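Here the protein sequences line up with chains A and B, keeping their order. The opening residue of the first sequence carries number 1 in UniProt numbering; numbering runs sequentially from there. The opening residue of the second sequence carries number 1 in UniProt numbering; numbering runs sequentially from there.
No lab work stands behind these hints, which were simulated from the structure alone. Keep in mind it's a predicted model, so treat the numbers as computed, not measured. For glycine and all other residues, C-beta sits at the position ideal for the given N, C-alpha and C. Incorrect hints may have been included.
[To be verified] Just a few of them, taken from the derived set where beta-carbon distance is under 7 Å, the chain B residues facing chain A:
(1) Leu31
(2) Pro33
(3) Ala43
(4) Ala59
(5) Leu61
(6) Leu65
(7) Gly66
(8) Phe67
[What the hints assert, rightly or not] If you want the footprint, here are the derived chain A segments under chain B, 3+ residues with CB under 8 Å:
(9) 3 to 14
(10) 17 to 26
(11) 46 to 55
(12) 67 to 81
Below, each chain spelled out in residue letters.
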Amino acid sequence: MIAVIGLIVGVVAGFVLQPEVPVYLQPYLPIAVVAALDALFGALRAKLDGLFDEKVFLVSFASNVVVAALIVFLGDQLGVGAQMSTGVVVVLGIRIFSNAAAIRRHLFKA
Amino acid sequence: MTPHPPPSAPARERRPDESMTLLVETMERPLDPGYAQAARERAAGTRGPRRAVTSVWVALLAVVLGFGTAVAARALNAPEPSALAARTLLEDEIASRQAEADALTARVDALDDEVDALGAQALSEEEPALLASLEADGVLSGSVAVSGPGLVVTLRDASGFDDAQMSSDSRVQDDDLQIVVNSLWASGAEAVAVNGRRLTALSAIRTAGDAILVDLQPLSSPYRVVAIGDPGSLKADFTRSVAGGYLVTLTNYGIQSSVVGQSSLEVPADASLRLYHAVPVDSPTAAPEESSTTPSARNDEEQGSGR
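Just chain B, with the same shape it has in the complex (with noise of 0.2 Å):
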C-alpha cells in the first residue's frame, strides 16, 4: 500500500496496437536506422577520414545498382514481344502439327478405303456369301459407312449468354446425349453418329470441362445427332421414349432442340475400330499382330482421357 508510483522507472504504457509490431515498425522507422547511427558518429566525430579505397567501392556498387535497376526496368517495360514471339512460334507449330495429323487421318480414312474395296473385289470372285456376311456386320459393328432413311435429333446450347455467364446447365451435356442415343438405339436405329462420328459399341459419351467427347474427340454445339432406321416408326417410338419427355425438360434450361425425319442420311464408317484381344473361335490365324503393343497405348489413353 505505497502511496507513491514506485521508484523504478514508469512501467511501460501498453500500446493498444502492440500485437502488431511488424506494422508499427514499418510505419514508424522506415528510414533505415543506418543513417541516423552515421549522422550520430559523424556528430561524435568518432568516424575517420573516408579513404580513397571507400570512395572507389562506392562508385563502383553505385554504377553496378544503377546499371542493374535500370536492366530490371527497362526488362519489365517490354516483356511483351518475346511471349508474344513465343506465342506465335507455339501457335505456328500448333497449327502446322495439326495440318500434319489431319493429312495423316485422311491417308488412312484413304488407305481404308482401299482395303476395303481391294478386300471386296477380291471377295466378290471367290467367295460372294463372306463378302455379304462380312458387310452386314461392318454395317452393325460400325467399321463400314452406311446411309439410308432416319432421324436427326439436333441439341444446341442455350443462346444470348456470353460464355462466362453461361451456367453449366444450360449447356448440353454428356446425359443428355447419352439419353438421346440410347433412346434413339431403343427406337430401333441401326446406325447412330454424333456431329459426324459414328458410334459403336466401344464408344464414349462423357465430358471433359465444358467439352463434350465423342471417343475422345472434342464436340461443340450444335449436336447433330443422326440415327438410321425405319423413319416412321422410329420418330414415333422416339418421341415416345425417355427421350422425348426429356428434351421438353431440356428447354426450360434454355436448351434448343429439334427432331426431323428424313429420307436420305449418311453415317460414316469408325475407322479406328478393330480388335485387341478378341479372337474369332473357329480362325484360321492366332492372334492379331498389334496385340502385344497396342492394347496397353489404347488403355493408357482411355485413362488419361477419364480424368
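Bound-form chain A, shown alone (with noise of 0.2 Å):
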C-alpha cells in the first residue's frame, strides 16, 4: 500500500512541479518509461497471482530503468545506442505483452 500512494505522491508531484530534464538524460527518458511500464505491468499481474511484494516491485522497477538505462548508456559509448535502445525495447515488450496476457486471462477468464 505504501509503494502504491508513494507513487502515485510522485507522479503528481512529477506533474505539479514540472521540472526541467538535463539534455544528457534525455536519450534515456524513452527506455526509462517502457521499463517503468514493465515493472508495472508486472506488478500488476503479480497481484493478480496473490504474488505481490513492494518491496520486490520497488527494486524490480528501480532496477529495471537503471539497467534499461545503463545498457543504453553503455551502447551510446560503444557506438551502437539505438540497436541496444531497439533490443532493449524489444525485449521489454515481450514481457509487457506476456504480462497483459497473463493479466488479461486472469480478468476475463480466457
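Assembly of the complex is requested from the two constituent chains, each provided in isolation within its own frame, with the hints serving as guidance.
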C-alpha cells in the first residue's frame, strides 16, 4: 500500500513541479518509461496471482530503469546506442505483452 | 541391452526451441522471480515482520520512481517546443549571416567597380595604351564584365516528377553543363557565364549531391548558359558540335533545352579572380601581398569541396 501511495505522490509531484530534464538524460527517457511500464505490468500480474510484494516491486522497478538506462548508455559509448535501445525495447515489450496476456486471463478468464 | 529405461531421472526431453533460450525466458517467465520467492518466504514464515525503516525506504523509493517516471513521460510528451525554438534560432542565424554575407559581397563588388573606375581614370590620362591592353586582357581573363551578341543555351531538369522519385538521370548533371560550355568555347565564344557566374580559366563545374557547383556556388535548374560571340557562326558551330547532338540525346531523359541567339547579352565579371603565385616576368613589384596566407586558404577551400 505504501508503495502505491508513494508512486501516486511521486507522479503528482512530477506533473505539478514540472522540472526541466537535463539534456544528457534525454536519450534515456523513452527506455526508462518502457522499463517503468514493464515493472507496472509485472506488479499488476503479481497482484492478480496473489504474489505481490511491495519491496520486490520497487526493487525490480528501480533496477529495470537503471539497467535499461545503463545498457543504452553503454551502447552510446560503443556507438551502438540505437541498436541497444531497440534490444531493450524488444525484450521489455515482449515481457509487457506476456504479462498483459496473463492479466487478461485473470480478468476475463479467457 | 537393458529392456527398461535407466533408473536415473528420465532424460530431459529436447525442446524444439532449445536454441532460443533468451526468447523462451522472456516469454515464459515474464514475472520477476523475486515475487515468487517473496511469496514462498511469506508462506514459509521465514520472513521477519517488516521494520519501520524498510517501510520508509519503500515509500521514499516509490516517490522517487513515480516522480522520475512522471517527469520522463512529461518531457517525452513535449519535446517539440524546445526543438522548434532551437530550429527557428538556427534559421534566424542562417538568414542573418546570409544577409550579412550578401551585403559584404555587394560591398566588395561596389569597391571593385570603384577601383576599376579610378584605375581607368588614372590610366586614361597617362597611358591610354596600357588601359586598352588591360581591358582586353580583362575581357579574356573574365575580370571585366562584357556585353554583346551571342547565344543563350538553357537546360532544364525533367519536370513532372516529385523530388523523391526523380532519378539523377532526369536531372541536369555537371557533365552536361561541361559539354555545353566546352562546345561553346570551341565554337568561338569569347565570354561564358552560367546562371550569372562568369567562367574563367580557373572555373570548375562539378557536382555535390544533387546540386551543380560552379566555382563552388550551388546553382539550380534551369541552367542558363550565356555565351558572347559572333551570333551567326556561334550558333551554327554550336549546333554542329558535340553538344548539339548531346542536347538531343538528353531529351530522351526528359531534360529540355533550348538554344537561342540574342543580339544583346551581358556577362558579369568574376570578382574573385586574382593571382596567388604567378608574377609577370617584367613586373617591377616582386610578389602580390597576400601570397603568404591566401593560397593555402584557397587550397583548403577547394579540397574541402572536392569530396
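Satisfaction of the Leu65/B interface hint, Cβ to chain A closer than 7 Å: For Leu65/B, the interface hint holds, since the closest Cβ of chain A sits about 5 Å away, which is under 7 Å.
Count the residues of the region 3 to 14 of chain A whose CB lies closer than 8 Å to any CB of chain B, then report whether that count reaches three. holds (count 12)
Against chain A, is Ala43/B within 7 Å by beta-carbon distance? Violated. Min distance 10 Å.
Minimum beta-carbon distance criterion (7 Å), Pro33/B to chain A: Violated, because the Cβ-Cβ distance from Pro33/B to chain A comes to roughly 9 Å (cut-off 7 Å).
Given Ala59/B as an interface hint, is the shortest Cβ-Cβ distance to chain A below 7 Å? Where the cut-off is 7 Å and the nearest Cβ of chain A is about 4 Å from Ala59/B, the hint holds.
Hinted contact Phe67/B with chain A - closest CB pair below 7 Å: Interface hint status for Phe67/B: holds (4 Å vs cutoff 7 Å).
Satisfaction of the Leu61/B interface hint, Cβ to chain A closer than 7 Å: This interface hint holds because 5 Å falls under the 7 Å limit.
Is the hint on Gly66/B kept, meaning its closest Cβ partner in chain A is under 7 Å away? holds (2 Å)
With a cut-off of 8 Å between beta carbons, are at least three residues of the region 67 to 81 of chain A near chain B? violated (count 0)
Three residues minimum, CB to CB under 8 Å: does the region 46 to 55 of chain A make the cut for coverage by chain B? Let me know. holds (count 8)
For the region 17 to 26 of chain A, do three or more residues have a beta carbon lying closer than 8 Å to a beta carbon of chain B? As far as the region 17 to 26 of chain A goes, the hint holds, because 4 residues have Cβ atoms under 8 Å from chain B.
Interface hint check: Leu31/B, Cβ to nearest Cβ on chain A, cutoff 7 Å. Holds or violated? With a closest approach of 6 Å, the Leu31/B hint holds.
Against the hints set out earlier in the document, violations occur for numbers 2, 3 and 12.
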